[in-house]
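Protein chains in written order, with this note's numbering: chain A, 1 to 270; chain B, 1 to 284; chain C, 1 to 202; chain D, 1 to 205.
Errors might be hidden in some of the hints.
[Stated by the list, open to error] No farther apart than 27 Å at their CA atoms in a straight line, the calculated lysine-lysine pairs in the DSSO-like style are these: (1) A:133 to D:59; (2) D:88 to C:82; (3) D:59 to C:82; (4) D:26 to B:127; (5) B:127 to D:88; (6) D:88 to C:59; (7) B:42 to B:85; (8) D:33 to C:59; (9) C:59 to B:127; (10) B:42 to C:120; (11) D:26 to C:59; (12) B:127 to D:33; (13) B:56 to B:85; (14) C:82 to A:130; (15) C:20 to D:60; (16) C:82 to A:133.
Just so you know, these hints were derived from the structure itself, not from any lab.
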Amino acid sequence: MLRSGFVTPALDTRWFDPARWNILIGVILFTSFLVINLLRARGRKELYVRPIAGLKALDEAIGRATEMGRSVLYVPGLSDMSEVGTFAAITILYRLAQRVAEMGCDIDVPCYDPVVMTVLDGAVREAYSKVGKPDAFRPGCVHYVSAQQMAYVAAVNGFMLRERPAANIYMGSFYAESLLLAETGAMTGAIQIAGTDKVTQLPFFVCACDYTLLGEELYAASAYLGREPVQLATIIAQDWAKALAAAAVVAALALAALGHTALMQWLGVA
Amino acid sequence: MTWVRRLLAIDRRIIFLLVAAGVILPLLHPLNLPVTVTPRVKAAYEAIDALPAGSKVLISMDFEPDIMAELMPMSVAVIRHCFRKHLQVIAMTLYPAGTGLGERAILQAAKAEGAVKNKDYTWLGYKSGFQVVMIGIGENLRGIYPVDFYGTPLDNIPMMRGVNSYRQMAMVVNLSGSSATDYWIQFAQGRYHAPLVVGCTAVMATDYYPYLSSRQILGLIGGMKGAAEYEALIGTIGDARRGMDAQSLVHLIVVALVIVGNGALFLSKRAGDSGGAATGSMTR
Amino acid sequence: MIGTWIAAILTLCVFSFLYKDNPFYRFAEHLFVGASAGYLLAVQWESVLIPNVWTPLTKGHDLVVLIPLALGLMMLARIWEKGAGIARWSIAFYVGIYSGVAIPGYMQAQIFAQLADAAKPWPAGWAAVSSALVFIGFLTVLAYFFFSLPHRGVHGAGARVGIYFLMVAFGASFGYTVMARVSLLISRVQFLLRDWLHVLPG
Amino acid sequence: MRRGPLLVTFLSGVAVAALYFIPHHKAQALNSKLLEWTLVVYAFALILGSLSLWGSHMKKVQNRAEGWGFSLVTLSSLVVITVLGIWKGVGEGTPVGIIYDNINSPLASTMFSLLAFVIASAAFRAFRARSVEATLLLITAIVMMVGRVSIGPLISPHLPGITEWLLDVPNLAAKRAIALGVGLGAVSTALKIILGIEQSYLGRS
Numbered sequence: 001m002l003r004s005g006f007v008t009p010a011l012d013t014r015w016f017d018p019a020r021w022n023i024l025i026g027v028i029l030f031t032s033f034l035v036i037n038l039l040r041a042r043g044r045k046e047l048y049v050r051p052i053a054g055l056k057a058l059d060e061a062i063g064r065a066t067e068m069g070r071s072v073l074y075v076p077g078l079s080d081m082s083e084v085g086t087f088a089a090i091t092i093l094y095r096l097a098q099r100v101a102e103m104g105c106d107i108d109v110p111c112y113d114p115v116v117m118t119v120l121d122g123a124v125r126e127a128y129s130k131v132g133k134p135d136a137f138r139p140g141c142v143h144y145v146s147a148q149q150m151a152y153v154a155a156v157n158g159f160m161l162r163e164r165p166a167a168n169i170y171m172g173s174f175y176a177e178s179l180l181l182a183e184t185g186a187m188t189g190a191i192q193i194a195g196t197d198k199v200t201q202l203p204f205f206v207c208a209c210d211y212t213l214l215g216e217e218l219y220a221a222s223a224y225l226g227r228e229p230v231q232l233a234t235i236i237a238q239d240w241a242k243a244l245a246a247a248a249v250v251a252a253l254a255l256a257a258l259g260h261t262a263l264m265q266w267l268g269v270a
Numbered sequence: 001m002t003w004v005r006r007l008l009a010i011d012r013r014i015i016f017l018l019v020a021a022g023v024i025l026p027l028l029h030p031l032n033l034p035v036t037v038t039p040r041v042k043a044a045y046e047a048i049d050a051l052p053a054g055s056k057v058l059i060s061m062d063f064e065p066d067i068m069a070e071l072m073p074m075s076v077a078v079i080r081h082c083f084r085k086h087l088q089v090i091a092m093t094l095y096p097a098g099t100g101l102g103e104r105a106i107l108q109a110a111k112a113e114g115a116v117k118n119k120d121y122t123w124l125g126y127k128s129g130f131q132v133v134m135i136g137i138g139e140n141l142r143g144i145y146p147v148d149f150y151g152t153p154l155d156n157i158p159m160m161r162g163v164n165s166y167r168q169m170a171m172v173v174n175l176s177g178s179s180a181t182d183y184w185i186q187f188a189q190g191r192y193h194a195p196l197v198v199g200c201t202a203v204m205a206t207d208y209y210p211y212l213s214s215r216q217i218l219g220l221i222g223g224m225k226g227a228a229e230y231e232a233l234i235g236t237i238g239d240a241r242r243g244m245d246a247q248s249l250v251h252l253i254v255v256a257l258v259i260v261g262n263g264a265l266f267l268s269k270r271a272g273d274s275g276g277a278a279t280g281s282m283t284r
Numbered sequence: 001m002i003g004t005w006i007a008a009i010l011t012l013c014v015f016s017f018l019y020k021d022n023p024f025y026r027f028a029e030h031l032f033v034g035a036s037a038g039y040l041l042a043v044q045w046e047s048v049l050i051p052n053v054w055t056p057l058t059k060g061h062d063l064v065v066l067i068p069l070a071l072g073l074m075m076l077a078r079i080w081e082k083g084a085g086i087a088r089w090s091i092a093f094y095v096g097i098y099s100g101v102a103i104p105g106y107m108q109a110q111i112f113a114q115l116a117d118a119a120k121p122w123p124a125g126w127a128a129v130s131s132a133l134v135f136i137g138f139l140t141v142l143a144y145f146f147f148s149l150p151h152r153g154v155h156g157a158g159a160r161v162g163i164y165f166l167m168v169a170f171g172a173s174f175g176y177t178v179m180a181r182v183s184l185l186i187s188r189v190q191f192l193l194r195d196w197l198h199v200l201p202g
Numbered sequence: 001m002r003r004g005p006l007l008v009t010f011l012s013g014v015a016v017a018a019l020y021f022i023p024h025h026k027a028q029a030l031n032s033k034l035l036e037w038t039l040v041v042y043a044f045a046l047i048l049g050s051l052s053l054w055g056s057h058m059k060k061v062q063n064r065a066e067g068w069g070f071s072l073v074t075l076s077s078l079v080v081i082t083v084l085g086i087w088k089g090v091g092e093g094t095p096v097g098i099i100y101d102n103i104n105s106p107l108a109s110t111m112f113s114l115l116a117f118v119i120a121s122a123a124f125r126a127f128r129a130r131s132v133e134a135t136l137l138l139i140t141a142i143v144m145m146v147g148r149v150s151i152g153p154l155i156s157p158h159l160p161g162i163t164e165w166l167l168d169v170p171n172l173a174a175k176r177a178i179a180l181g182v183g184l185g186a187v188s189t190a191l192k193i194i195l196g197i198e199q200s201y202l203g204r205s
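When you get a sec, could you build the whole thing from the sequences and use the hints?
Right, here's the structure in full:
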């Protein structure tokens with residue numbers, strides 16, 4: 001039966017929405033996991049994280065591009081800052097650009113979102129000067145192409161066929177255009193590494209690219225590339241949260257089977 | 001075994017020619033194959049069908065020309081269904097490029113069902129901001145849309161009197177090909193608890209099954225097949241059903257290609273050729 | 001009529017990309033980049049700069065609008081080399097706002113909504129088998145995504161099963177998507193055959 | 001020079017995150033006001049982006065670099081449509097509206113339709129039974145493809161049911177676990193930015 005309507009007071013004057021307790025506790029718990037692991041990471045030199053094939057391949061890809069004297073193409077995704085996948089694309093490029101600067105090969109970063117372009121331009125300049133080669137930075141390598149999905153893809157596809165970069169790297173939030181980019185790149189024979197948080201596009205990157213970072217691996221990538229213990233600590237915090245989430249589901253199911261559905265309700269109210 | 005190796009590495013362009021033939025031929029000589037209605041599309045149809053006459057339905061057509069193929073016939077079918085049930089359609093879009101399409105869908109449906117502007121439907125047009133618009137509609141519709149697409153203030157439109165947020169709307173229908181749907185779920189349904197039906201491209205549909213099973217959305221129309229099913233439910237033959245014949249043919253071509261590819265791989269393996277070194281992700 | 005001809009010729013220019021890169025495709029590509037950039041600028045002018053900045057400032061004398069205007073101009077300062085330092089402030093604001101939106105937003109829609117759904121009691125009878133499989137799939141794919149544990153022993157076996165679930169999920173998604181892509185081609189061919197060449201009924 | 005912007009990120013981030021939990025109408029008004037401000041910043045960033053686009057193509061034309069004729073096409077269409085759009089608007093019936101329907105729209109939907117071709121070539125290339133995982137991917141995709149079109153039910157009445165099951169069970173399970181992981185990764189990334197652990201977005205002039 002469809003509810004006829006929902007009654008909320010004309011002007012809400014509450015200072016806290018009790019229905020959102022679970023979200024608040026979730027945020028507090030997660031922040032505490034993060035802080036605890038940051039403190040633990042201070043002293044430690046090396047933190048174990050399992051190898052991710054796609055990230056090892058990044059070094060090979062840049063090496064190959066340098067040997068062949070051809071450029072690396074970095075596609076930071078087709079979304080703006082409201083998608084956190086775009087933040088991941090920024091943090092990954094910052095560390096990747098340092099390797100590119102060290103190896104001395106060229107990098108091209110066509111951008112979809114103008115705000116992301118300004119951020120990436122600054123991040124790549126920072127990367128070049130961090131490895132002591134500020135003058136090797138080629139102004140214009142990070143450039144705005146179009147904030148229209150298919151105009152962007154048309155331009156990047158044209159670039160791939162004409163400039164023939166040796167490695168195509170797709171990181172960030174992608175939508176239906178993912179396969180059009182990846183399959184065009186496959187036609188040119190470049191080594192292709194992709195990573196996206198958009199679940200719908202994972203099958204296409206897995207099929208068309210050589211290596212693919214699945215969902216959460218995109219967010220772990222920048223920490224992996226940086227190897228700084230502080231960054232790796234945030235990944236361990238994510239693992240703790242995953243373990244807690246899995247335990248909460250198991251507990252809620254077990255309790256519900258025994259008749260107590262309190263935990264299940266608590267998870268659901270939002 | 002050279003023909004096997006040639007088969008393994010068919011030139012892409014031959015595959016492209018096969019796909020082109022698979023689409024063009026059935027459009028020129030329709031096969032009219034049957035359409036089976038799936039539960040999720042039926043749920044969307046029933047959620048709208050259950051609304052009493054005169055209820056306000058907010059329809060947000062958040063798609064651009066590049067995915068109008070699936071969502072245009074779907075929009076026309078849903079809007080025609082609303083007009084038949086004498087529901088009052090408030091239509092809008094969150095995409096600048098969706099303005100022309102949304103208006104065309106409404107005019108096509110209105111012509112077919114004899115609906116009248118400002119009495120049976122209001123076209124609000126485009127407003128940028130995604131979440132800002134959705135939160136705005138929850139707080140104060142006139143703050144976001146002071147006037148409709150044609151510049152008429154909402155207060156001068158008979159059907160819009162008294163309508164200023166989700167509370168006065170019996171249903172929100174979001175037809176989208178992008179993350180707009182996630183935000184409609186998060187804000188319109190999550191924050192303001194508006195009943196929500198979603199229509200989306202086939203590729204996105206699988207990701208919204210969790211939201212359907214958690215009752216965050218009441219129905220889900222997925223892709224051209226969903227649109228064809230909806231056309232069948234309201235008894236019309238639109239572009240969706242004509243396209244389904246071409247779909248069947250192209251799907252069979254792709255399946256045949258995959259089988260041929262694996263057959264060639266099997267033969268070449270038996271002949272001792274390794275069939276190319278396996279590098280990279282799981283499918284290599 | 002001319003419009004249909006222009007659209008049809010541009011459609012063929014893009015299709016020519018399938019054969020190989022050629023001047024026709026390159027023309028369509030460059031026209032598209034320019035036209036879409038121009039269109040988006042005009043849309044922003046009409047739907048943001050005028051209603052959210054110009055009108056409140058001139059008509060409503062709403063001085064609060066000076067803040068976003070200032071942030072916008074600081075972003076624009078980036079055109080000059082030394083302007084990047086100034087632009088950093090509006091980038092910080094922009095990034096801060098959307099990080100703030102993301103934390104509760106993702107916590108609710110991506111985390112708690114999924115957990116609530118995963119914790120739903122299983123239906124009786126045969127459907128329980130499916131729910132059990134969903135539960136096992138959920139845990140094993142999660143096991144695959146653990147970073148700080150090597151894929152060895154029980155955890156390794158779990159991750160292995162998780163990969164199988166992932167592959168079935170990707171296969172299902174890929175197969176499911178073929179239809180959506182083919183429908184895009186169907187509508188373009190319908191445009192060429194019906195609106196341009198008039199060889200289709202209806 | 002970074003202390004100030006980092007503070008702005010922290011304050012605006014914490015403010016908006018907190019406002020999520022405060023339903024007070026004044027708080028929500030502030031929340032939508034802050035989001036509205038980002039629209040204005042985006043508009044100016046778009047102007048900046050378009051100027052950079054103009055600059056890169058203009059340089060190609062001035063140096064008569066290879067393909068400068070095509071850059072002229074981009075420059076002229078950019079200017080014509082921006083000026084016309086600002087002058088006469090972009091809605092249906094305006095000059096830019098007509099240009100949109102006959103240039104932008106067909107180009108966009110035709111680029112999109114190329115996916116029908118590349119999905120076939122990708123399927124042919126990737127669906128090879130080379131390993132257990134690849135075989136699972138291949139079989140599921142074929143069952144899904146055949147099951148979803150009108151031919152499916154003719155082959156076996158259970159096929160549509162199987163495709164639904166594939167989407168309701170394995171696909172749902174894997175997607176839910178990935179969504180949970182993405183959610184945690186996103187919250188972690190956003191937190192790193194607000195707390196200043198991740199500063200690469202501030203870059204260097």
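Structure-based check of all given hints:
no.: 1; hint: A:133 to D:59; verdict: 25 Å, holds
no.: 2; hint: D:88 to C:82; verdict: 36 Å, violated
no.: 3; hint: D:59 to C:82; verdict: 21 Å, holds
no.: 4; hint: D:26 to B:127; verdict: 23 Å, holds
no.: 5; hint: B:127 to D:88; verdict: 18 Å, holds
no.: 6; hint: D:88 to C:59; verdict: 21 Å, holds
no.: 7; hint: B:42 to B:85; verdict: 16 Å, holds
no.: 8; hint: D:33 to C:59; verdict: 18 Å, holds
no.: 9; hint: C:59 to B:127; verdict: 21 Å, holds
no.: 10; hint: B:42 to C:120; verdict: 24 Å, holds
no.: 11; hint: D:26 to C:59; verdict: 24 Å, holds
no.: 12; hint: B:127 to D:33; verdict: 15 Å, holds
no.: 13; hint: B:56 to B:85; verdict: 11 Å, holds
no.: 14; hint: C:82 to A:130; verdict: 19 Å, holds
no.: 15; hint: C:20 to D:60; verdict: 24 Å, holds
no.: 16; hint: C:82 to A:133; verdict: 19 Å, holds
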